[in-house]
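**Student:** Assemble the complex: chain A is given as a structure, and chain B must be docked to it using the hints.
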Amino acid sequence: MATTRRDFLKVAGVAATVGAVGFPAVARGQAKPGVPSDPVKIGILAIRAGIAAPVGQAGLRGTEWWVERVNKAGGILGRPVQLVVEEESTPKDTVERYRKLILQDKVEVVIGGISTGVTLALGPVAEEMEVPWLSWDGTTQKGVEETMPNPKWAFRSVDNEVEAIVAGQLTPKYFKGVKTVAGIGNDYSYGHDCWETYQAVLKRYIPDVKFVLELFPKLGVTDFTSHIAAIQQAKPDLLMCSFWSGDATIIMKQAAAVGLFKSMKGVFTTAGGVHDSLKKEFTPEGLLLGYNTMYFDDPKGSPLLKQFVRDYKTKYDGYPPYECDHAYFNIESYKAAVEKAYATAGKWPSKVEVVRALEGIEVESLSGKRSWRPDHVQMCNFYQGVTTHKNSYDFVTINPIEVVSTKIAMKPAGSKLIEWINSWKI
Amino acid sequence: MTANLVNVLMGGVFHAAILFLVAAGLQLVFGVQKIFNLACGSFYALGAYTGISAVAYFTGHGGPPILFVVPLAAGGLAVGLVGLVVERGLLRFVYDRDETFQLLLTFALVLMLEDVIRLIWGSAPASTGGLYLAYGQARLLGATVPVYNLIVIAASLSIALGMGFLLTRTAFGRIIRAAADNREMAEALGVDMRWVYARVFTLGTMLGTLGGALVIPATAAMSEMGIELIVEAFAVVVIGGLGSMRGAFLGALVVGVLRSVAISVYPELEMLLIYLIVIAVLLWRPRGLFGAATA
Numbered sequence: 001m002a003t004t005r006r007d008f009l010k011v012a013g014v015a016a017t018v019g020a021v022g023f024p025a026v027a028r029g030q031a032k033p034g035v036p037s038d039p040v041k042i043g044i045l046a047i048r049a050g051i052a053a054p055v056g057q058a059g060l061r062g063t064e065w066w067v068e069r070v071n072k073a074g075g076i077l078g079r080p081v082q083l084v085v086e087e088e089s090t091p092k093d094t095v096e097r098y099r100k101l102i103l104q105d106k107v108e109v110v111i112g113g114i115s116t117g118v119t120l121a122l123g124p125v126a127e128e129m130e131v132p133w134l135s136w137d138g139t140t141q142k143g144v145e146e147t148m149p150n151p152k153w154a155f156r157s158v159d160n161e162v163e164a165i166v167a168g169q170l171t172p173k174y175f176k177g178v179k180t181v182a183g184i185g186n187d188y189s190y191g192h193d194c195w196e197t198y199q200a201v202l203k204r205y206i207p208d209v210k211f212v213l214e215l216f217p218k219l220g221v222t223d224f225t226s227h228i229a230a231i232q233q234a235k236p237d238l239l240m241c242s243f244w245s246g247d248a249t250i251i252m253k254q255a256a257a258v259g260l261f262k263s264m265k266g267v268f269t270t271a272g273g274v275h276d277s278l279k280k281e282f283t284p285e286g287l288l289l290g291y292n293t294m295y296f297d298d299p300k301g302s303p304l305l306k307q308f309v310r311d312y313k314t315k316y317d318g319y320p321p322y323e324c325d326h327a328y329f330n331i332e333s334y335k336a337a338v339e340k341a342y343a344t345a346g347k348w349p350s351k352v353e354v355v356r357a358l359e360g361i362e363v364e365s366l367s368g369k370r371s372w373r374p375d376h377v378q379m380c381n382f383y384q385g386v387t388t389h390k391n392s393y394d395f396v397t398i399n400p401i402e403v404v405s406t407k408i409a410m411k412p413a414g415s416k417l418i419e420w421i422n423s424w425k426i
Numbered sequence: 001m002t003a004n005l006v007n008v009l010m011g012g013v014f015h016a017a018i019l020f021l022v023a024a025g026l027q028l029v030f031g032v033q034k035i036f037n038l039a040c041g042s043f044y045a046l047g048a049y050t051g052i053s054a055v056a057y058f059t060g061h062g063g064p065p066i067l068f069v070v071p072l073a074a075g076g077l078a079v080g081l082v083g084l085v086v087e088r089g090l091l092r093f094v095y096d097r098d099e100t101f102q103l104l105l106t107f108a109l110v111l112m113l114e115d116v117i118r119l120i121w122g123s124a125p126a127s128t129g130g131l132y133l134a135y136g137q138a139r140l141l142g143a144t145v146p147v148y149n150l151i152v153i154a155a156s157l158s159i160a161l162g163m164g165f166l167l168t169r170t171a172f173g174r175i176i177r178a179a180a181d182n183r184e185m186a187e188a189l190g191v192d193m194r195w196v197y198a199r200v201f202t203l204g205t206m207l208g209t210l211g212g213a214l215v216i217p218a219t220a221a222m223s224e225m226g227i228e229l230i231v232e233a234f235a236v237v238v239i240g241g242l243g244s245m246r247g248a249f250l251g252a253l254v255v256g257v258l259r260s261v262a263i264s265v266y267p268e269l270e271m272l273l274i275y276l277i278v279i280a281v282l283l284w285r286p287r288g289l290f291g292a293a294t295a
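Chains as they are written, first to last, in my numbering: chain A, 1 to 426; chain B, 1 to 295.
In isolation and in its complexed conformation, chain B is listed as follows:
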């Protein structure tokens, strides 16, 4: 009984850990730039494929398999620099336009990145083979949990804490929050918004690409994997409150764990349950659980 409960909970928390990284990137960008970045799912897919290539290169050149998380995370973070290119090359031209333009632009990115991935990595599913099992399994209250899942959960928690520290305890974090609160005032006080936007978007992208890279040993990459995730990330931000980092954390936990419980108790409810909560939140607390719109 306990073992079953642990299995269900750990399944949910693992899913939530990945969901949080992507949703956090989405929230950060929305909080500051007021852009709802549909391409966050594509960045996630891009991170996954890059992670696979980085690991393949590493093990192919004699790297010890046990250290595969190093190239994995490095690859995931490095490809996040694509965010800088996207922000400087495309997004900065639409900040003053209607939201519709911004949505269309990020949606165009979704379609293009899917093709870019297919062009580079082909259409067959890709994976890191059996590396997922390199760290073995842990016994937790009678349940068997892959150690790699625990590593991902720990990494995601650390990133959540790190983001909290960055936003509340550092000068850059204060600038981000000031810019999210009142862009004109921040600019009047001498903040170079171009610089803030470029950094924030790159950081947001890196959260997504890192999420993709971290999840990939446990699964396999498919070019359209990002689209599936956008929908869930969207539920997370609605539940948590658009633009809120704490909201992303709580929203991811709610979606991840409830999905897992639903699958165990009444599988037909898997997706429905999440949307029921989304609807409930929209009706009774439209700003979300932490919807004060602060980054």
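Next comes chain A alone, as it looks inside the complex:
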């Protein structure tokens, strides 16, 4: 591949960045016997533009917080950690940057990936390049079914539809007498998959439930006035919404303006990703709200979580969303795997040894214990609950808090999603 001027500038830019921020005052730790003393390079892929940019930013913030603490404590087996950050954008460009991280930057592991559209393409490349890849939030599912049942190098995030499953399980518990349901989600794979899954789960609990309306506005729409009018017209007992970005805030606000949730219940599977924009002024109490895999305000949270939330607040004047925890878990599990493999090998482990150590490993993450299932899928807890105004913030939080493990809310290895849901004994 010929190096164009543009490529060169990119590389020069990365080199300059690495030069400037690569070693934030690392007290060069004493490398363990058999471990090289040069920095261990970790490649990071993060979305930096478009609608998912805040999510990518949160992942990067969680990673940087981890790196700062680990480097202060001497790095991994005494090797300081150096990040090489690249952008996740389209599948094609991201695959190229992924190759560049491995071939040119010679990273030991690549971490990141949010859009399943992108990670579906990254999976096979990871297998081909033979370097471990741990995904923050992306899967290798096509729709709701796995395309890579037995990967060697790729480690995928939790299935996208777990939040819809948890919400489906909790709906009958918190909302009695629901007979008609409307759904709204974004018009792409995630929105459709969540709705399909939620319906399948709810039908198991409420066999005679009717789904009276489904709306799929395009990603990026900022006016739902007309959609809300359509929902009012359909008069469902409950509205299920899988928005996860600024659109969650918008629909909440526009719904409040016409008093939508005075006449129906609401389930927001993933709006907890933008929790601090759900102001009390327009977000009612009594909605079911999902925070995905980390709840920043968990009273039972570990000292690690509390420290992270404090530091995050100080540095960014906000409260961290779940993507920080996906990212934290990924990089922490890599460190744990290297240390575990070192314990048997007595030297810095090879990439294959790291992968073997990763399989089934459990580590302490921000939200508590998280692990890799033997077939390389993240295992963790999901946090959902009922919105309340009783807190010291200007936005809603949840109480009670329901913590549901992927052990019961994610399809087991090798199974088909809808068949699995239909096989539940209820």
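Read the hints as simulated data drawn from the structure, not as lab findings.
The structure presented is a predicted model; accordingly, all values stated were derived computationally and were not measured.
Hints may be right or wrong, so weigh each one.
To be verified - Have a look at the derived ranges for each label pair, beta carbon to beta carbon:
no., chain 1, residue 1, chain 2, residue 2, range
1, A, Glu128, B, Lys34, 48 to 58 Å
2, A, Glu145, B, Leu166, 53 to 63 Å
3, A, Glu281, B, His61, 13 to 23 Å
4, B, Ala280, A, Lys179, 40 to 50 Å
5, B, Ala108, A, Phe211, 39 to 49 Å
6, A, Gly286, B, Gly60, 48 to 58 Å
7, A, Asp317, B, Glu184, 54 to 64 Å
8, B, Phe93, A, Glu281, 46 to 56 Å
Cβ coordinates follow ideal geometry from the N, Cα and C atoms, glycine included.
**Tutor:** Quick look at chain B alone, frame taken from chain A:
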């Protein structure tokens, strides 16, 4: 039943009110300068973010929340002056070039402004919190309508009337129309076109930034919000007729209300319906409903 109809119609008209402001800016600039300004959507986004900052500053310094529309509109209008900078600093160099250059230049602006917004305001969605509800709700034939929506609709209507007055009843309006009709003749009669272009482009920009500022209490700002709007504004001008102010008004109403009706009746048709109309107009009346190409 009536309540449902009112809900659907008011939803459509609210959308149309914002769409009109952006499309009007697009039409004005195209009518006079013959430039199809792709960056109109970015100006809209810029107005939205500036509006949020202006309101935050206002309420942060003890301003009564009920008066938030004042800093909102002022912020939206003020940032429209960016149009003057863009026209004098960039556009005036490409008036004599091929249309492709002009399109490329305004497209470059779209990309750059998105980054500028991210640089200044960050990538997380921004909003004015709950101020949207500060004016409460009105009951209209059994339907609940946010009063703020009515204010925006009224503001947009007033601006439409004001634009009509400006274009048909004032000396500046006559000059604009003369310049749109025949640039050489207007110049020969002593009109300083540089002055006209600078003013027209700034005015066109202000319509877009004001639109962005006015919509923002009802929604949230995202750096790429402008791109979504360009597509709809484009449908509006095709339906209404490129360069026509009345066309922008009617086109916005058609797009806004039909979109709303489609969502209620058959949601899958939401976007398709608008493009079907665009295609129909292009086939049977390619100049649009008011396509006499007058500003």
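**Student:** Taking the earlier hints as the rules, which of them does this structure contradict?
**Tutor:** 6
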